[in-house]
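Q: As a plain string of letters, each chain reads:
There are 2 protein chains.
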Amino acid sequence: MSAPSIAVLHNLATQLRIDSVRSTSEAGSGHPTTCLSAADVIAALFFAEMRFDPHDPQHPEADRFVLSKGHGAPILYAAWAAAGAFPRADLLNLRKITSDLEGHPTPRLPFVDVATGSLGQGLAAAVGIALNARRIGSDYRTYVMLGDGETAEGSVWEAAEVAAMQKLDNLCAITDVNGLGQSRATQWNHHLDAFVSRYRAFGWNAVAIDGHDMSAILKALADARATKGKPTMIVAGTLKGKGISFIEGKDGWHGKALKKGEEMDKGIAELEAQYQKTSDPAPVIPKPAQRRTEGPLPDFVAKMPAPAYKLGDSVATREAFGAALPQLGAIDRRVVAVDADVKNSTYTEKFEKAYPDRFFQTFIAEQAMIGVSMGMASRGAIPFPTTFACFLERGADFIRMAGISNLNIKLAGTHCGVSIGEDGPSQMALEDLAMVRGLPNATVLYPCDAVSTERLLAVAAATRGPAYLRLSRPKTPVIYGNDEQFPVGGSKTLRKSDKDQVVVVAAGVTVFEALKAHDALAKENVHVRVVDAYSVQPIDRDGIVAAAKASGGRVITVEDHYAHGGLGDAVSEAVSNDGVRVQRLAVREIPRSGQPDELIDRYGISARAIADAVRTMLK
Amino acid sequence: MSAPSIAVLHNLATQLRIDSVRSTSEAGSGHPTTCLSAADVIAALFFAEMRFDPHDPQHPEADRFVLSKGHGAPILYAAWAAAGAFPRADLLNLRKITSDLEGHPTPRLPFVDVATGSLGQGLAAAVGIALNARRIGSDYRTYVMLGDGETAEGSVWEAAEVAAMQKLDNLCAITDVNGLGQSRATQWNHHLDAFVSRYRAFGWNAVAIDGHDMSAILKALADARATKGKPTMIVAGTLKGKGISFIEGKDGWHGKALKKGEEMDKGIAELEAQYQKTSDPAPVIPKPAQRRTEGPLPDFVAKMPAPAYKLGDSVATREAFGAALPQLGAIDRRVVAVDADVKNSTYTEKFEKAYPDRFFQTFIAEQAMIGVSMGMASRGAIPFPTTFACFLERGADFIRMAGISNLNIKLAGTHCGVSIGEDGPSQMALEDLAMVRGLPNATVLYPCDAVSTERLLAVAAATRGPAYLRLSRPKTPVIYGNDEQFPVGGSKTLRKSDKDQVVVVAAGVTVFEALKAHDALAKENVHVRVVDAYSVQPIDRDGIVAAAKASGGRVITVEDHYAHGGLGDAVSEAVSNDGVRVQRLAVREIPRSGQPDELIDRYGISARAIADAVRTMLK
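Residue numbers (the working numbering), protein chains in the order written: chain A, 37 to 655; chain B, 37 to 655.
Bear in mind the hints are in silico, worked out from the structure with no lab data behind them.
Here the structure is a predicted model, which is why all the values come from computation and not from measurement.
Don't take each hint at face value.
You can't tell identical chains apart in this list, so a pair holds if it fits in one copy or across any two.
Stated by the list, open to error - Distance condition first, Cα-Cα at most 25 Å in a straight line; then the derived DSS-like pairs of lysine-lysine:
id	residue 1	residue 2
1	132	511
2	346	132
3	655	585
4	511	292
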């Protein structure tokens, strides 16, 4: 099988340019100029470099391509169509509600691993995909194309650092330096050395080339393949709008389709004139050498050993998580952990000790931690990126995109709420439930004791899509028997009588405050039901509605979180059709340093505050 | 006034070390070892470099110091105490609920500009503070100390890029390279050149020194002062725990106080033995040369010219925002705009044209955009960092910290919701309301037409603390008269009769869907009240409760946002004590590309969906 000729590749690049222009003009919107700058590199990648099967794009050992500059979607689609994945005519459905050829790529398309379009995320995902090759022992290579403008995103440099640390020579990135951003020239314009010097300083092999010189592109890709111990960055100098004289290199053409009719026709005529006559053979895309699969996922919930705690044991949920994660890892080698230098506080160090080859360290770079996990999840891994819950918020936009991609990523966040105590507000996650509940496809689990933590860890692994496990710093007593099960969407009624006047819905540390309030109120002959809403999303709607109705239609929610977007919101919506009264106890001001018990009381989520709220509600 | 001697500075460093150890031991928690590595640099900065007045820490022309490695708080406090800002004895109240000497610095303390403790944020804030010096024409200098571990945060490199682009030679950063992170050695250990080469590649003047060599520190600071056209990074090689033999350079001592008693006493005895005998004079801290202030803020709401739209004009709220921002800027020069390369979509380009010296470009770096704004806000500016609403989420953790700092930062986010259309889900903000409503001190405003946008822009500027203006892409008709006022916490009742059976609470684009539903239902003799909840936080509780009670206790909320944490949540909480039924219409799955109207209908927030929900509710 010989490599395709330069003329053939040139003509394919021309075809991709034409298809990009035509599809965006038909849609009446989109980003043709950014496709035109990238066309030569894309043609080289798809038809002279990568091994893949257009009819089996999710082949587990195929080379991968991530288009980090997601607004270049039209040329990505054109390349897959040219490779034979679907008919070229479908390209004209770009951006229609009836088509999966969306404005920016999403995994609704079988050849897209991670959604892109929020700039600066593709490199981190590609690093995760490249690490996954190492995990499964495959020689597939990972390619990623960045825009020059998105190089300003810090997430790019987080990922660059991880790639160099991990010596990912199976990763080849290309930056399409067309010099123009959305609203003006980028800060670097066409100074290719600005990119080369930065990547070299970050430990990469980096070369600058003319991104419209097909021979130079092929040589750079070959050199990248030959480079050992380092990832390669190819800095490709290009022109935005390349090939159409009246838009080439011109500002003001970002995100603008050529008008159908005269304008488009003129552009396409110019491109068509660039076809070269050749009788060289069409390219043959090489398939991956072998196809090994990892098989269906096991039943994590059934296979997870039962917890072995004693009632009353005092264990922080973060400790129980750290202790159980290696047990989950023992069930299937797709379970991996990713840390951002807090493994000794989150206890993922236990997983590292058990499975050093499935433990990944990004250091203090949470966007990379989550982005790398997204890449790994897209290739079959079940990653647990774990840090303090508040620092997961550093990756909020990655989490958003993980939701759009519906990736099987399992976020674990420790040290939630004011109950962390003296470290103060910068270390307290008080909006994390709101952040993750925002995703309609996310499962949010919030255990209060060690038994429920172990069980919910397996549940998180078993539940398809993004999941979040919210974990606490303080030690709490074990209240559940080791045989107790915790299905998604369930809740536990911990105190109940037929005289209940109010139901208190709690989760995490506030469960214990609710139990104390129950006991204090019982002495006053006031009866409250206590529910542990360990599944915050989906919430146990039926259970909570029934509990509310059995308790005089009065609900008090109590959470170590701000008042909005968390447990109170979930419960309010659950009972909203039933005319039930709901009062939310939550943190309602910026908290400060202090001892956990002092803070829980000061911010109105203690047993005392609950009891007061119950008394007031019953007045 | 002569410079203090090396011996005097050395002794001050020793005092700071002793105070850091003693205060953390007394608290029983905290990070003494990271203070010990930084002590020599801190002593040099506070007693031989910076101009400030310890009794007037917010002096507008004093040099500024940001401790980006916020866990080093004890030595920051010790330095201010040593400078005379408060009694040294107060240091023993560290981390107590009764003291503002919190675990990590917050602006509750008069000498803290921005809260730190979420690593990697201090440099961006310092860039903003340095830019502010330029804005007010002051020669104050800005200093910032980073930890080596936090250098992995991409936000550091976003800020580094902006500082170099802006040629901020009034900015001097120091990285305290003690080689140890929280859980292990950093990826760079003591390879100082890894830092120097990275910063040089990013356009900085960078030098490596021994961070315990006082002469070298003073020389590096002097060289930084003499360097023109570039910011300076001093890479200081240090030992974590420096000065106490049994912890110096040892892993496992991050975030661990020496035990009170024998352990602490032994450490302090070692430190005390390091005092040098000297009769050299104590340092005299130079005060800033002059003290100019900007005066009280004007009444933005009163001074803003009345809008000049006609009823029925078709104007996107993002356009109205862009047109009005220069008018706001004309009222006071503290109003500034910060862009991340989308000024032609958010229309902040109009502000740039009017006030080029108050327009700041971070390029595609949203964390820097927000962090720089935080720094500027901490020094009196009223910044409007503006981008697509979904990309504000890139800076979610910065926004969190801006909340903790209660900074006067005004976020503006355009292109919210599915109503953007064809660009698809990666460009749609659907969890932004949840993100900002998380902050208990944030004001969240969501105008539906051009008039309310102009008014609410002034309201945002006039309201102290973080504010968020949510703006839409599609054109919408002007429905308010130019004299209408929009106070924080208000709402507008747009349709009302004494036969109303349901109240529909909408905001932004859904206001128009609600109005259409009202008209369609009226033909069926079904009467709905329509409320525009332009103030999402605080919500008009009384108004909405009254409307609900007057409408049969039935409420339907409708928002171009996911179902959680947004308008539905706000309204649910507002009416939660009144046994009112609330149904939320919101986007409940990951959306896709399509035309705006198609998407609004498909995701259940159209006039049709509202009318259906009303009919169902009345069944």
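Q: Now tell me if each hint is right for this structure.
A: For each hint, the structure was consulted:
For the homomeric pair residue 132 and residue 511, the shortest alpha-carbon distance between copies (21 Å) is at most 25 Å, but the shortest distance inside one copy (53 Å) is not. When the C-alpha separation of residue 346 and residue 132 is checked against a cutoff of 25 Å, the pair qualifies neither within a copy, at 58 Å, nor between copies, at 34 Å. For the identical chains of this complex, residue 655 and residue 585 are neighbours both inside a copy (18 Å) and across copies (21 Å), given an alpha-carbon limit of 25 Å. Taking the shortest Cα distances, residue 511 and residue 292 sit within 25 Å of each other only across copies (18 Å), while inside one copy they are farther apart (57 Å).
Checked against the numbered hints given earlier, the structure breaks only hint 2 and satisfies all the rest.
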